[in-house]
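> Below, each chain spelled out in residue letters.
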Amino acid sequence: MQRIGVFVCWCGSNIAGTVDVEKVSEALKNEPGVVFSTNYQYMCSQAGQDIIKDAIAEHKLTGIVVCSCSPRMHEATFRKTAAAAGLNSYMVEIANIREQCSWVHKDMQSGTEKAIILGKAAVAKVNLNAPLTPGESPVTKRALVIGGGIAGIQTALDIAEAGFPVDIVEKKPTIGGKMAQLDKTFPTLDCAACILTPKMVDVAQNDKIRIFSYSEVEEIGGFVGNFTVKIKKKARYVKEDVCTGCGICTEKCPQKKVPNEFNMGMDNRRAVYIPFAQAVPKVATIDPNYCTMLKTGKCGVCAKVCTAGAIDYTQKDEIIEEKYGAIVAATGFNPISMDKFDEFAYNQSKDVITSLEFERLTNAAGPTAGKLLRPSDGKHPHTIVFVQCVGSRCDACAEKGKEYCSKICCMYTAKHAMLTRDKYPDTDVYVFYIDVRTPGKAFDEFYRRAVEEYGVHYIKGMVGKVSPEGDKLMVRASDLLANKQLNIAADLVVLAAAIEPDKSARPLATMLTASMDTNDFFTEAHPKLRPVESPTAGVFLSGTCQGPKDIPETVSQASAAAAKVIGLLAKDKLMGNPCVAQSNELMCNGCSSCERVCPYGAITYADKEFRMPDRTVAIRRVAMVNEAVCQGCGACTVACPSGAMDLKGFATSQIIAEVDAICK
Amino acid sequence: MKKVAYFPGCTLKTKAKELDRYARKSAEALGFYLDEIENWQCCGGVFTTSRNEIATKLSSVRALADAQKKNQTLITVCSACHNVIKQTNHAMQTDEEFALKVNNYLGAGNEYDGKTKVLHYLEYLRDEVGFEEVAKKVVKPLTGKKIAAYYGCLLLRPNSVMAMDDPENPTIIENLIKALGGEAVVYPYRNECCGGYIALEDADSAKKKSTSVVASARSHGAEIIVTACPLCKYNLEKNNPEAKVVYFTDLLAEALGVKEDGNE
Chain R
1 MQRIGVFVCW
11 CGSNIAGTVD
21 VEKVSEALKN
31 EPGVVFSTNY
41 QYMCSQAGQD
51 IIKDAIAEHK
61 LTGIVVCSCS
71 PRMHEATFRK
81 TAAAAGLNSY
91 MVEIANIREQ
101 CSWVHKDMQS
111 GTEKAIILGK
121 AAVAKVNLNA
131 PLTPGESPVT
141 KRALVIGGGI
151 AGIQTALDIA
161 EAGFPVDIVE
171 KKPTIGGKMA
181 QLDKTFPTLD
191 CAACILTPKM
201 VDVAQNDKIR
211 IFSYSEVEEI
221 GGFVGNFTVK
231 IKKKARYVKE
241 DVCTGCGICT
251 EKCPQKKVPN
261 EFNMGMDNRR
271 AVYIPFAQAV
281 PKVATIDPNY
291 CTMLKTGKCG
301 VCAKVCTAGA
311 IDYTQKDEII
321 EEKYGAIVAA
331 TGFNPISMDK
341 FDEFAYNQSK
351 DVITSLEFER
361 LTNAAGPTAG
371 KLLRPSDGKH
381 PHTIVFVQCV
391 GSRCDACAEK
401 GKEYCSKICC
411 MYTAKHAMLT
421 RDKYPDTDVY
431 VFYIDVRTPG
441 KAFDEFYRRA
451 VEEYGVHYIK
461 GMVGKVSPEG
471 DKLMVRASDL
481 LANKQLNIAA
491 DLVVLAAAIE
501 PDKSARPLAT
511 MLTASMDTND
521 FFTEAHPKLR
531 PVESPTAGVF
541 LSGTCQGPKD
551 IPETVSQASA
561 AAAKVIGLLA
571 KDKLMGNPCV
581 AQSNELMCNG
591 CSSCERVCPY
601 GAITYADKEF
611 RMPDRTVAIR
621 RVAMVNEAVC
631 QGCGACTVAC
641 PSGAMDLKGF
651 ATSQIIAEVD
661 AICK
Chain U
1 MKKVAYFPGC
11 TLKTKAKELD
21 RYARKSAEAL
31 GFYLDEIENW
41 QCCGGVFTTS
51 RNEIATKLSS
61 VRALADAQKK
71 NQTLITVCSA
81 CHNVIKQTNH
91 AMQTDEEFAL
101 KVNNYLGAGN
111 EYDGKTKVLH
121 YLEYLRDEVG
131 FEEVAKKVVK
141 PLTGKKIAAY
151 YGCLLLRPNS
161 VMAMDDPENP
171 TIIENLIKAL
181 GGEAVVYPYR
191 NECCGGYIAL
201 EDADSAKKKS
211 TSVVASARSH
221 GAEIIVTACP
231 LCKYNLEKNN
241 PEAKVVYFTD
251 LLAEALGVKE
261 DGNE
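Those sequence lines, one after another, are chains R and U.
Each step along the first sequence adds one to the number in the working numbering, with nothing skipped, and position 433 is 433.
Each step along the second sequence adds one to the number in the working numbering, with nothing skipped, and position 262 is 262.
Same shape as in the complex, but just chain R (with noise of 0.2 Å):
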């Protein structure tokens, strides 16, 4: 028989104000084995804990009951909590009384009655409890960062610096991501090509890194600390290890109507390129969808001008598989589709631009080479209107936008329109905002700093239309403060589109077993606590593909990440979870059930000897758990039509008895 004690947590009012707490721990004293039941103000403090060991001590508890929050949040607090009083801390049940009980009742008498019943279930529970020992298993000290922008740039490096090899997976040909393309970077203004392309030659110039560009994550396996990832490396048709990067190539391919992608399509590349000069790895790629060899196998211009002999049309994807202690998702972002926004024109008029084509056109290396240039006619806007929020903080058009503030687009704004009346102060700027958000060091000096100094005319009101007439592009927007209406013949009309994750991270998630939200981007452990973790185990959120972020807050998460990451890599074991499936030899007749479930690939077979009652031996093949591989799902448990499979710590005897006690 269990001696079992009950502690019931009031977590200040939350608890207490919807449950009578002392009715609660009253009513569980007489439950079976229960021989102490009490009630504290919080249960996870220094004095809660306190009384949870002196209990322990004091009465010789074999099992503990919390009744608190959701055992997310406090169970692995409590589990110490016993182990230190030197009670297994899996003789610790948590029965949640708070999400499922005090926040979701109203009324005293209905919460304290379920509550007594979620109580009663958990002591039920433990008196079925036996203790036990996690498992170890060991840690492959090598980190995988997928995505090479500045987010996964940073965690690479940090990780690297503390020692560890780390691989990148890129799937373009060059690390930088969509910092690389930006001109200039706020509140600072000091050049993006600037401060990111020593890390990214910092990068390639580190022994503990590797880079696999233009290469995606095909399948992902295994555990925290022992992951198996493959990678695709796509054929790129140039040997890397060959290529010099001189570029010569990339001027005398004869296919030359490629749009850029790196110039957001504005201008045009050849089919074998280097999207740009400070690329790393600094070597050229053959497009396979627009290469005439490759296509139909006319041509060969390339080859026959490269000096190295490094192009290699035969080339072909090569899938590395490789072995992982930890896991980074730094895949970034993607400013949305303006399809669905045609009431600006976008797709109408060729002078209706993003905000990331404006940052191409204004950069030095872009297609205008930094003057700011109408792409309809190359000539010089003297009126420009900005529109903020396009597509973000979309309520009322979920089917178009996202509900969510894309938050870098006010700074950026802001940067934009100050930039062009510092460098054109002939040009008229608009910018029509919903709200200004600069929250951030700096940010909202800065924007003041368009208003004020620079007179850039920020407008509180959106833009209903943008209609091209002629040369120009007729503004229709509404004036809030002024209450009037306004048409402004503008020559350039600029977008700041939303920005949504990039569309691989679904597909990485899936792999990841990761969970998202509903717009895609990766949840966190804890949305305060623990940030840069994703719930499963050993799963880094490294920049955007978390949430919305800009260069300094991404840079942050990156380094955060990478600091997990090293924690868990400077580690030589790593505890399992001791809630695994166990087979019953006994029972188990190898019908094979459990392993056709299986999704971990955690059961195989063996045959075994078995003495009979009549002293003679029957070998019969039965079910072997890897526990090492098993994540404790308990799909087996079902499957098992003998009943041979059982789930440690959450057998089905114990279940049962939970029900039991909850029907009662």
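If you are wondering where the hints come from, they were derived from the structure by calculation, not from laboratory data.
Don't be surprised by glycine CBs; every beta carbon is placed ideally from N, CA and C.
Check before you lean on any hint, since a few could be wrong.
Straight-line alpha carbon distances no greater than 30 Å define the calculated BS3-like cross-link-like pairs of lysine-lysine that follow [said to hold, decoys possible]:
| no. | chain 1 | residue 1 | chain 2 | residue 2 |
| --- | --- | --- | --- | --- |
| 1 | R | Lys199 | R | Lys234 |
| 2 | U | Lys146 | R | Lys340 |
| 3 | U | Lys207 | R | Lys460 |
Computed, partial: chain R to chain U, Cβ under 10 Å [stated by the list, open to error]:
| no. | residue |
| --- | --- |
| 4 | Asp339 |
| 5 | Asp342 |
| 6 | Phe344 |
| 7 | Gln348 |
| 8 | Pro468 |
| 9 | Glu469 |
| 10 | Gly470 |
Here are some chain R residues the structure puts well away from chain U; computed CB gaps all over 10 Å [as the list claims (entries may be wrong)]:
| no. | residue |
| --- | --- |
| 11 | Arg72 |
| 12 | Thr197 |
| 13 | Gly221 |
| 14 | Asn334 |
| 15 | Leu481 |
| 16 | Thr518 |
| 17 | Thr523 |
| 18 | Pro527 |
Keeping the supplied structure of chain R fixed, place chain U upon it in accordance with the hints.
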């Protein structure tokens, strides 16, 4: 000949007779028959401003139920009727309380479940007949005519219910114009409001709206403005007497060679 249920609407029997007449003639030339539902009444008028008035929706629901009994798609021509009937149908499908109230009025045995498919005549041409098929039947192509499609607001919005075309950059009428051999003029004000019923209480506002639409079409080279809405036609013509505004069925009948000359 394939029969489809047809709801003409009041205006098509009075001020917009040619919209009705040429819709029927063109349909026959294209191989389908507009089977006017019996005992139809006014669609009930502007849906959006009288969302909660059940009584004004009953006639629309009866028309929808009638089409269901015939097992036919319900076709409309007038933008305003189409908007009301489509939105009413949507409410019957998605708003339980609305549907319950309506069905209580209709009485036991006459309940309507929202299953009738409602298509605007233009949609029927595009999705069921096909503009390529229309083009094949053209005998007098509108070659050289610069025609501006005017959508107004009721035909396309709210997009989540009407689901006919992109409300900000529609193409359906332009594609019909092209199928008829004409030159479609694309201009930014083609989906703006003509002023609608505001003409009754604030004629100046309606004038402002209508003139900007016509001016925008003209500045892009339009000779003819084509619409599906009697109210749009009224506002545009009233405020721009020199503008040539015609119904789309007019052009359709002309191109198909079923328009009687001098009989308008």
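> Hint by hint, note whether the structure agrees.
Do the hints match the structure? See the list:
1. R/Lys199 to R/Lys234: Answer holds: R/Lys199 to R/Lys234 is near 25 Å, not above 30 Å.
2. U/Lys146 to R/Lys340: holds, 27 Å
3. U/Lys207 to R/Lys460: Judged against 30 Å, a Cα distance of about 28 Å means the pair holds.
4. Asp339: holds, 9 Å
5. Asp342: Cβ of R/Asp342 sits 3 Å from chain U, so the hint holds.
6. Phe344: holds, 8 Å
7. Gln348: This hint holds: R/Gln348 lies near chain U, its Cβ roughly 7 Å from the closest one there, short of 10 Å.
8. Pro468: Check passed: Cβ of R/Pro468 comes within 6 Å of chain U, closer than 10 Å.
9. Glu469: Given a least distance of 6 Å, the restraint on R/Glu469 holds.
10. Gly470: Interface hint status for R/Gly470: holds (8 Å vs cutoff 10 Å).
11. Arg72: holds, 36 Å
12. Thr197: Holds, since 40 Å exceeds 10 Å.
13. Gly221: holds, 42 Å
14. Asn334: Holds: least Cβ distance 22 Å, greater than 10 Å.
15. Leu481: holds, 23 Å
16. Thr518: holds, 18 Å
17. Thr523: Since the minimum Cβ distance to chain U is about 29 Å, R/Thr523 lies beyond 10 Å and the statement holds.
18. Pro527: holds, 32 Å
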